[in-house]
Amino acid sequence: MGNSSCVLCGCVDQASVGVVEKWGRFQRLAEPGLHFFNPLAGECLSGILSTRINSLDVKIETKTKDNVFVQIHCSIQYRVIKENADDAFYELQNPKEQIQSYVFDVVRAHVPRMTLDELFEQKGDVAKAVLEELEKVMGAYGYNIEHILMVDIVPDPSVRRAMNEINAAQRMQLASVYKGEAEKILQVKKAEADAEAKYLGGVGVARQRQAITDGLRENILNFSHKVEGTSAKEVMDLIMITQYFDTIKDLGNGSKNTTVFIPHGPGHVRDIGDQIRNGLMEAASAQANVE
Numbered sequence: 001m002g003n004s005s006c007v008l009c010g011c012v013d014q015a016s017v018g019v020v021e022k023w024g025r026f027q028r029l030a031e032p033g034l035h036f037f038n039p040l041a042g043e044c045l046s047g048i049l050s051t052r053i054n055s056l057d058v059k060i061e062t063k064t065k066d067n068v069f070v071q072i073h074c075s076i077q078y079r080v081i082k083e084n085a086d087d088a089f090y091e092l093q094n095p096k097e098q099i100q101s102y103v104f105d106v107v108r109a110h111v112p113r114m115t116l117d118e119l120f121e122q123k124g125d126v127a128k129a130v131l132e133e134l135e136k137v138m139g140a141y142g143y144n145i146e147h148i149l150m151v152d153i154v155p156d157p158s159v160r161r162a163m164n165e166i167n168a169a170q171r172m173q174l175a176s177v178y179k180g181e182a183e184k185i186l187q188v189k190k191a192e193a194d195a196e197a198k199y200l201g202g203v204g205v206a207r208q209r210q211a212i213t214d215g216l217r218e219n220i221l222n223f224s225h226k227v228e229g230t231s232a233k234e235v236m237d238l239i240m241i242t243q244y245f246d247t248i249k250d251l252g253n254g255s256k257n258t259t260v261f262i263p264h265g266p267g268h269v270r271d272i273g274d275q276i277r278n279g280l281m282e283a284a285s286a287q288a289n290v291e
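Under the UniProt record's numbering, the first residue of the sequence shown is numbered 1, with each subsequent residue one higher.
Below, in silico cross-link-like pairs of lysine-lysine (BS3-like), each with a Cα-Cα straight-line distance of 27 Å or less:
1. Lys-63 with Lys-136
2. Lys-190 with Lys-179
3. Lys-63 with Lys-123
4. Lys-179 with Lys-189
5. Lys-96 with Lys-128
6. Lys-59 with Lys-128
7. Lys-65 with Lys-123
8. Lys-128 with Lys-82
9. Lys-65 with Lys-128
10. Lys-96 with Lys-63
11. Lys-82 with Lys-96
12. Lys-96 with Lys-123
13. Lys-59 with Lys-96
14. Lys-184 with Lys-198
Rather than coming from a laboratory, the hints here were simulated on the basis of the structure. Keep in mind the model is a prediction, meaning the values are calculated, not measured.
Using the sequences and the hints given, assemble the complete structure.
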């Protein structure tokens, strides 16, 4: 806004509008360009208004519904309505203060009805309410409100620390749940692997014993066929004695073996064989009696 000047000609810049008065009374608006005035007839260029978009930053401190003090940073984008520039020139002495007062009034009327979380989630609703109120009021004074931006919402420092601690605690709790589930899965998988290993170990032992049984049977049959006059009992005693000496040899070769010996001798092998044979014969006899 410029001061009035009584000159013969004047230039109005682009994106501006001039206010022309005659004898102190509004006469017309001057478009951008060169204009000639008649000072003798009382014409003069009273002032110039910019029609560019202006930005006004406002900081409002208020309290939410859950008694948290916050500072809200707003940015109001406004401009002079070219057709109503005379209203903007004559009606308001300081439009920035007027806009700021209405922003304060609207924000402090809406924010106390929201909690802090709702304010962060619904800040667009607050901006919309401010925009509607300013458009209704400032439009009558020749100003158009282009945008309302809620730039930032800053709670009290102690509240921010508390919010960060709550967030950290929730994340730690969630991490503990995931860690417990992972350990549970690990234990289950470990138990399943242990059971599978024992099962496979049992299968291996059974196959080993089956192979030993098959090998002994073949050895007994081959020895009986090749050496005439030998019985299966004698061949079995010979095999057991051979295994007995192989065992003694293996124990002697192992320097780190800790072995407890009991009274024994080759004759004990024959006794073991007799006990096995007797057990098998008793089992066969019991089965026959049952049948």
